[in-house]
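> Chains A and B, in that order, are what the protein sequence lines are. Just so we're aligned, residue 1 is where the first sequence starts under my numbering, counting upward by one. Just so we're aligned, residue 1 is where the second sequence starts under my numbering, counting upward by one.
Take these hints with a grain of salt, some might be off.
Restraint ranges, calculated between C-beta atoms of paired labels, are given here [claimed, not checked]:
| hint | chain 1 | residue 1 | chain 2 | residue 2 | range |
| --- | --- | --- | --- | --- | --- |
| 1 | B | Leu373 | A | Lys18 | 20 to 28 Å |
| 2 | A | Gln130 | B | Phe12 | 27 to 35 Å |
| 3 | A | His194 | B | Phe12 | 35 to 43 Å |
| 4 | B | Tyr3 | A | Ser43 | 34 to 42 Å |
Sample of chain B residues with no beta-carbon within 10 Å of chain A, all distances over it, derived [claimed, not checked]:
| hint | residue |
| --- | --- |
| 5 | Ala236 |
| 6 | Leu295 |
| 7 | Gly299 |
None of these hints come from the bench; they were simulated from the model. Beta carbons: idealized from backbone N, C-alpha and C, even for Gly.
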Amino acid sequence: MGNLVEIRNVSKVYERGKQKVEVLHHVDLDIAQGDFLALMGPSGSGKTTLLNLIGGLDSPSDGSIAVGGARIDKLGQGALAKWRAANVGFVFQFYNLLPMLSAQKNVELPLLLTKLSAAQRKKNASVALQLVGLADRASHRPTELSGGQQQRVAIARAIVSDPSLLVCDEPTGDLDRQSAEDVLGLLQTLNREHGKTIVMVTHDPKAAEYARQTLHLDKGTLVEQSAHA
Amino acid sequence: MKYFHLVWAALFRRKTRTFFTIASVLAAFLLFGLLNAVRVAFTSGSDSLAGNERLVVASRFSIMTGLPLSLKTRIAAIPGVKSVGHENWFGGIYQDPKNFVFSFAVDDDYLAGNTNIVLSPEQHKAFTDTRDGALVGSALAARYHWNVGDKVPLQSQIFPRKDGDKTWPFTIVGIFQAAKDAPDGTNEMFFLHWEYFDEANMYSQHEVGWYVVQLSDPNQADAIAQQIDALSANSAHETKTQTANAFNASFAKQIGNIGLIVEAIMAAVFFTLILLTGNTMAQAVRERIPELAVLKTIGFTNRSVLGLVLAESILLLLIGGVIGMAIASALAPALTKGSGGMVRLPPIGAENWIQGIVLMIVIGALVGALPALRGMRLKIVDALAGR
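Could you put together the complete structure from these sequences and hints?
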């Protein structure tokens, strides 16, 4: 299977006042289409920075990033926003749902950027909620849902526009064990049955076991790779 | 329109804060609606065509200073003068001081030349033949249920009768309608005989308040005005002659520069409103930085975020402003009715509404600009990390 993500010689430098901090050093990485990759490493190792670069939320200081053949490091802000809307779904540690909207409306958000009709948007959002097992909670607001349910709504929002790539930043970091297993099981299903390519940052080795392979970063460099059964 | 629910939900994220902000916007535009109507009321009718065909001759010093009756024939003798009428301010009230009546003592020539009122020959004759006769506007008659033949006592606030009694008895001999292009308030007027007033009042004899001069050719207005003023130059009763439009405007200015006062009040109100709503919007956006970052993460462009915040700010102003102006629209006629004619606020018309809505949009854009720029410029990774 071909590579969906190709990262070549990528470095990322942040400027903190007059000081320059190099967070990633000359990283090379290929992620195959349909892969489920866990990124692990200590705090400050560059996991989230790498995830942000793959998801097009940030740009590298040096090197190239191609996703699905598109050189996203070359895109301007507006083009990058459109690219994200069409190609990437995001799942965050703290769900980041809009509190004043119902679950249904939260899931519909990415579809507002498409040309779909209101009826079609509603239908697609309902299908996504059904897929994550929350069809009966469509009218509930985030504050009326448990943490696990909120994260499943966030996953529904991430997949509603059918992106090829899901990037997940500590998706189980704020959940109890049972809810975490539910969410990880759901991500695994999306990977295995729906062919989504998933890149997930986690501190939890048990969460990483749900992935097909795990990459370890330390001080901005890839140090180890392990495959799972 | 597909983003409307998003804007609406963001606006009412903090209901109490939004409610109070809308209430302050409402109060500001309620004031705007009413004060603008006051300004219009004081300046209306000051540019009518008929107002440029008539000259008003009053004392150079004050309209409360009388002019000699003898001036009338001298003015009438000037070439280009069609007719000369005169009137005095009577200042009547009916039964209660709050029931103010716009009453004037007028002569026959004034009535004959007044194109602002529609009067039948029979009514005119009845007025001429009745010493204590009065002609009243239809709106005034309707308010107090007056009919032709009714005996009506008015109290003059300025002129008592020779026996010291301030009450003047009148007999209503006609009810007139305002002409099509007459100034606002014409239907509220009350006319009494100048001869009756002149003979019976305690203070002024053979003095008129001001002359109203009809011209054969309005283009000669300036030249004739100069000739009229020349008649009494260097005398004890120098005159100032101006078109009726200019006279009406200066009459309103006796009370003060209403336009300037209204503009000053509105400037203060809107300045405060800008600070208040600007602070509210800044706070609202500051609280929602992570949410705006999420929108940008899922693909909303910088320009979309800018548009959403600006739309929210403008919607806030429009909700409060439209409700405020609507209340002002309902209040203006009620105030006019309740004041017994003392205050005649015109309806809040299309021009006021257009001015109001433009103001709402401009203020909305102004107070939303900085928060919207902040939302537009935020860096996703920093905002998501809470930096």
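> List in ascending order the numbers of the hints, as given earlier, that are violated by the structure.
6 and 7
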